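Student: Please arrange chain A on chain L, whose structure you already have, making use of the hints.
Residue numbers (full-length UniProt numbering), protein chains in the order written: chain L, 1 to 558; chain A, 1 to 558.
Simulated from the structure, these hints should not be mistaken for lab results. No experiment lies behind these values; they were computed from the predicted model shown. Treat the hints with care, as some may be off.
A pair holds if it fits inside one copy or across any two, identical chains being indistinguishable in the list.
Claimed, not checked - Pairs of lysine-lysine, DSSO-like flavour, derived with a Cα cap of 30 Å:
1. 21 x 78
2. 304 x 176
3. 407 x 366
4. 95 x 543
5. 78 x 55
6. 301 x 55
7. 216 x 95
8. 203 x 158
9. 544 x 301
10. 449 x 543
11. 203 x 55
12. 366 x 78
13. 21 x 366
14. 544 x 407
Number of protein chains: 2
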Amino acid sequence: MRIALAQINPTVGDFDGNYGKIASFYERATAAGVELVMFPELAVCGYWPADLLEKESFIARTEETLLRVAEVTRGDGKPAILCGAVMRCDRPGEKHVRNVAVVCDGGQVQFVQTKMLLPFYDVFDEQRYFEPAQQQGLTMIKGQPVAISICEDAWNDKMFWPRQQYPVDPIEELMKQWAVLPQPLSGNRIILNISASPYWHDKCEVRYRMIGALAKRHRATVVMVNQVGANDSLVFDGASFAINPEGKLLAQSHGFVEDLVIVDTASSETIPFAEDSEQAEIARTWDALVLGTRDYLHKSKFSKALVGLSGGIDSALVAAIAVEALGAENVTGIGMPSEFSSEGSVTDARELAENLGIRFEIAPVKEIYNRFEDSLTPFFAGTPFGLAEENLQPRIRGTILMAVSNKTGALVLTTGNKSEMATGYCTLYGDMVGALAVIADCYKTEVYKLSRYANRERRIIPEETLTKPPSAELRPGQKDTDSLPEYDVLDPIVRAYIEDYTSAEEIAAQQQVDVELVRRIIRLIEINEYKRQQAAPVLKVSKKSFGRGRRFPIVAVR
Amino acid sequence: MRIALAQINPTVGDFDGNYGKIASFYERATAAGVELVMFPELAVCGYWPADLLEKESFIARTEETLLRVAEVTRGDGKPAILCGAVMRCDRPGEKHVRNVAVVCDGGQVQFVQTKMLLPFYDVFDEQRYFEPAQQQGLTMIKGQPVAISICEDAWNDKMFWPRQQYPVDPIEELMKQWAVLPQPLSGNRIILNISASPYWHDKCEVRYRMIGALAKRHRATVVMVNQVGANDSLVFDGASFAINPEGKLLAQSHGFVEDLVIVDTASSETIPFAEDSEQAEIARTWDALVLGTRDYLHKSKFSKALVGLSGGIDSALVAAIAVEALGAENVTGIGMPSEFSSEGSVTDARELAENLGIRFEIAPVKEIYNRFEDSLTPFFAGTPFGLAEENLQPRIRGTILMAVSNKTGALVLTTGNKSEMATGYCTLYGDMVGALAVIADCYKTEVYKLSRYANRERRIIPEETLTKPPSAELRPGQKDTDSLPEYDVLDPIVRAYIEDYTSAEEIAAQQQVDVELVRRIIRLIEINEYKRQQAAPVLKVSKKSFGRGRRFPIVAVR
Chain L
1 MRIALAQINP
11 TVGDFDGNYG
21 KIASFYERAT
31 AAGVELVMFP
41 ELAVCGYWPA
51 DLLEKESFIA
61 RTEETLLRVA
71 EVTRGDGKPA
81 ILCGAVMRCD
91 RPGEKHVRNV
101 AVVCDGGQVQ
111 FVQTKMLLPF
121 YDVFDEQRYF
131 EPAQQQGLTM
141 IKGQPVAISI
151 CEDAWNDKMF
161 WPRQQYPVDP
171 IEELMKQWAV
181 LPQPLSGNRI
191 ILNISASPYW
201 HDKCEVRYRM
211 IGALAKRHRA
221 TVVMVNQVGA
231 NDSLVFDGAS
241 FAINPEGKLL
251 AQSHGFVEDL
261 VIVDTASSET
271 IPFAEDSEQA
281 EIARTWDALV
291 LGTRDYLHKS
301 KFSKALVGLS
311 GGIDSALVAA
321 IAVEALGAEN
331 VTGIGMPSEF
341 SSEGSVTDAR
351 ELAENLGIRF
361 EIAPVKEIYN
371 RFEDSLTPFF
381 AGTPFGLAEE
391 NLQPRIRGTI
401 LMAVSNKTGA
411 LVLTTGNKSE
421 MATGYCTLYG
431 DMVGALAVIA
441 DCYKTEVYKL
451 SRYANRERRI
461 IPEETLTKPP
471 SAELRPGQKD
481 TDSLPEYDVL
491 DPIVRAYIED
501 YTSAEEIAAQ
511 QQVDVELVRR
521 IIRLIEINEY
531 KRQQAAPVLK
541 VSKKSFGRGR
551 RFPIVAVR
Chain A
1 MRIALAQINP
11 TVGDFDGNYG
21 KIASFYERAT
31 AAGVELVMFP
41 ELAVCGYWPA
51 DLLEKESFIA
61 RTEETLLRVA
71 EVTRGDGKPA
81 ILCGAVMRCD
91 RPGEKHVRNV
101 AVVCDGGQVQ
111 FVQTKMLLPF
121 YDVFDEQRYF
131 EPAQQQGLTM
141 IKGQPVAISI
151 CEDAWNDKMF
161 WPRQQYPVDP
171 IEELMKQWAV
181 LPQPLSGNRI
191 ILNISASPYW
201 HDKCEVRYRM
211 IGALAKRHRA
221 TVVMVNQVGA
231 NDSLVFDGAS
241 FAINPEGKLL
251 AQSHGFVEDL
261 VIVDTASSET
271 IPFAEDSEQA
281 EIARTWDALV
291 LGTRDYLHKS
301 KFSKALVGLS
311 GGIDSALVAA
321 IAVEALGAEN
331 VTGIGMPSEF
341 SSEGSVTDAR
351 ELAENLGIRF
361 EIAPVKEIYN
371 RFEDSLTPFF
381 AGTPFGLAEE
391 NLQPRIRGTI
401 LMAVSNKTGA
411 LVLTTGNKSE
421 MATGYCTLYG
431 DMVGALAVIA
441 DCYKTEVYKL
451 SRYANRERRI
461 IPEETLTKPP
471 SAELRPGQKD
481 TDSLPEYDVL
491 DPIVRAYIED
501 YTSAEEIAAQ
511 QQVDVELVRR
521 IIRLIEINEY
531 KRQQAAPVLK
541 VSKKSFGRGR
551 RFPIVAVR
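So here's chain L without its partners, still in its complex pose (with noise of 0.2 Å):
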């Protein structure tokens, strides 16, 4: 069977938008000579829509574009449609929608199998609006049995993982349906999955690994197209592929682009998994941070950002990432800086905006804080130099951004890492205004490989920031070292509590690290949680950020 894996980047309710993509990508595909063409889990509507598909129109529009998308099937010899919508279901004690995969043929809705493993876990809550399956079946798509599953109907083989998180493995109960079709049937098992999954780290590996185990289990070719582009927090990699019986790869798209690949299941030329390494990862967190800054702009009808440049290497990294996204033309930097600043803040963020190509601009806080601190006497008076005194430098250059921000309509991009953000270094309304938090999904430690990985054909951040101690400048002398332990201790502490709950006493042997040092730090964790409950949306590339994925309580006793 030839089908092309049409790999779109949907807008969340953009319908419109949505339908036109898979039009034309329908076309290109039919062109090529297929039999079906495959686009991604809620293709219609965009995932993830979220509350929106609490909206009588909302469903009522998804449910009018897929009746369109299915008319373009109409005509002799034409391709088949495999796509993702929601339909309603109104029975009583159910949801009121599905997450289903559409098979469309001749002008016609012919097939829906709904999901029937909902994801509510992390960031995904599909529990909250669809209705499961109850039951899967094989269909036909052009006279060729098929195997319909959509994203995480896949991912629960016992075979697979350690553990499995649903009672049922769908992919398992179509198998035994396949096992007893008769000959000639029988002959060609094809496992067809539609996905929404997300990027992080080592995902997409995960994805060959546990496809592959699948393919050879029930010995089936597995075809998987997955959404590309970002929407929020959230950016799809793509990456489609399709997996024959021997678990080889029989096609593969491109990560983090529209694609469209085409694959004949029968084919018997494969090609070779590329090597995976740590360089490769790192150039896939920069893609999603590219990607993910690029669409929350963009799909919101945004071109041009703002970062507030310190001279350091966070602020340095966002823009690069802002200018390889948006173009130099669209991204402005602004210096601010206060009377803790280092000389280097101004001339490292001056040639760094030079190298990118950028306007750059200094807006400075001195004068403004000394403002405050007059009209702060009543409360600052015979006071000592302290947090406050900090925290008002952060917080002028935040409204400085905000400022211009309204006044030219760009958005401002936060250039917070994870580091800073898990600890609480970093200063509420201040450093951490923005639109997007781009890099507060990454530990400084990649900041560091990341900035690295920027500067990898010419020299784009100075050598001065990428080799000067971190230092937040707001008081003399300030090191980040004063605060908090060195990076390469600190971030293994952070990943291992924020992302595998580790006990700090399973820490403190891992890392060998004294467990009060441990203990320090999750409890800055802990008590700096209602500085994130009001943060900028984060590109999410790891298994566990900040954000809707991770909901802990503000108060509580820990």
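Tutor: Frame of chain L; chain A shown alone:
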């Protein structure tokens, strides 16, 4: 059967504190002579623990504490306990914990009933964590059969609700089991329900009606004990009660305070239901906001609060609530006039502060504002006064408030109302700063009603504040009605859209307003999602508040 309804206020994760409350209420109930003491859902760990349930140590401490609770029932003639907790379950394909009601008697756990209906809508995420019960069974306490249910288990009666949310009704199932009990056991039907049912408008009335209908339908006495106290955004009103098989009230506890009430299920003495009224609902809303504010601060170990006083009604109401919650000596008001502030802005604020007996200070904005303009010259020079200049003023105020907060250890209370939050008539990082958004689930028209309620005993909020036209005072002569319709037109539109997902056309017809106006308001609501996602936690008092119960994408075409 003599039962004590122990309506306690637990703190999430405060195992020792929660145990202490359980032991002390148990002791009081024992002295009063009862056979059973009922505590709320998840009383051992506090509701709502959210992702703390992912932490092994949290589950372990809950289980340990439950054993301590069981221990207090050891000894001759001591009453049994029915108490909420979480317990592990380790079967493959299942979630790792269950939400349970545990009967402790004679120093041991005697019976465990798992919650069957797990709410998954609005603020509830229980399916994220808990494995539901597959079945429920009657048990015996002190020789008396009882049917035990947990909160939502009692909320799916097909005779009461027009639409069932779940395919099963655990109460109906339990009553079927009751029907086949031998005489004389089958005589006195008792349904016990332990709840953590948060307050919102009319919820208390719904509970009475629904439980009353259940009691009559099943000819049972229903005893419901509810958590009291606030944890983050959710305020639990308590208001526990018992209803006899005729639907008459046997006992009820006070709302919004800890309480111990004893009921004899065989008693023939009933008490009348209180007449409900709009005024009673306003009083409950007030109590909810006071309790929500007090618990947010006190459970976080803060005692003091700051409020920016503009002379307007929103900040006046928040200050009045803060004083009732925390005491006048713990509240400070700060007036921050800019060049566009009316004279009344300071005089009305000062009068309010005097009426409340709180400290009041002035921190002027004008000089700071001028220095910002200087610093912003590269971007502002030659441009007309506009949104950027307007927003600068509240952002300076936000920065002043946060500086005083950092200096004095007082938390900032945010003063925005729901009408503003909905339409985006508020400044991110400006008037939106703060630890807790006290009245952000109250429409402006409700703010007036609550303010009149604040003045019920003596004049607290000045007459001028109550009568002058609302204005943000960010440019000369500005009025809210320059940008928005009158609040008595706006609020019903916002409410219908946010709380009931009503379409623009239906709202226009219902409210007799121009559909284009409705569309403009809906558009404002939708495009301002980005502000709300960075807002302070909102005390929930309506069925749909901003915050985690309302999950919309920022990037979407609507």
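Student: State whether the alpha carbon distance between residue 203 and residue 158 is at most 30 Å within one copy, between copies, both, or neither.
Tutor: within (19 Å within a copy, 44 Å between copies)
Student: One pair to classify: residue 21 and residue 366, alpha carbons no more than 30 Å apart. Within, between, both, or neither?
Tutor: Intra 51 Å, inter 52 Å, cutoff 30 Å: neither.
Student: Please sort residue 203 with residue 55 into within, between, both or neither, judging by C-alpha distance up to 30 Å.
Tutor: between (32 Å within a copy, 23 Å between copies)
Student: Taking 30 Å as the upper bound on the Cα-Cα distance, should residue 544 and residue 301 be classified as within, between, both, or neither?
Tutor: both (29 Å within a copy, 29 Å between copies)
Student: Since the copies are identical, ignore which copy is meant and state whether residue 366 and residue 78 lie within 30 Å (CA to CA) inside a copy, between copies, both or neither.
Tutor: neither (68 Å within a copy, 70 Å between copies)
Student: Reference check for the pair residue 304 and residue 176, CA-CA at most 30 Å: within, between, both, or neither?
Tutor: Result: close neither inside a copy nor across copies, 54 Å intra and 65 Å inter.
Student: Is the C-alpha distance from residue 407 to residue 366 at most 30 Å within one copy, between copies, in both cases, or in neither?
Tutor: both (22 Å within a copy, 19 Å between copies)
Student: Is it within, between, both or neither when you check residue 544 against residue 407 at 30 Å Cα-Cα?
Tutor: Neither way: residue 544 and residue 407 sit 36 Å apart in one copy and 34 Å across, limit 30 Å.
Student: At 30 Å max between alpha carbons, let me know whether residue 449 reaches residue 543 within a copy, between copies, both or neither.
Tutor: Close inside one copy (19 Å), not across copies (47 Å); limit 30 Å.
Student: Which holds for residue 78 with residue 55 at a C-alpha limit of 30 Å: within a copy, between copies, both or neither?
Tutor: Result: close neither inside a copy nor across copies, 34 Å intra and 53 Å inter.
Student: Please work out whether the CA atoms of residue 216 and residue 95 approach to 30 Å or closer within one copy, between two copies, in both situations, or in neither?
Tutor: Close across copies (28 Å), not inside one copy (36 Å); limit 30 Å.
Student: Which holds for residue 21 with residue 78 at a C-alpha limit of 30 Å: within a copy, between copies, both or neither?
Tutor: Close inside one copy (17 Å), not across copies (71 Å); limit 30 Å.
The structure shown violates the earlier hints numbered 2, 5, 12, 13, 14.
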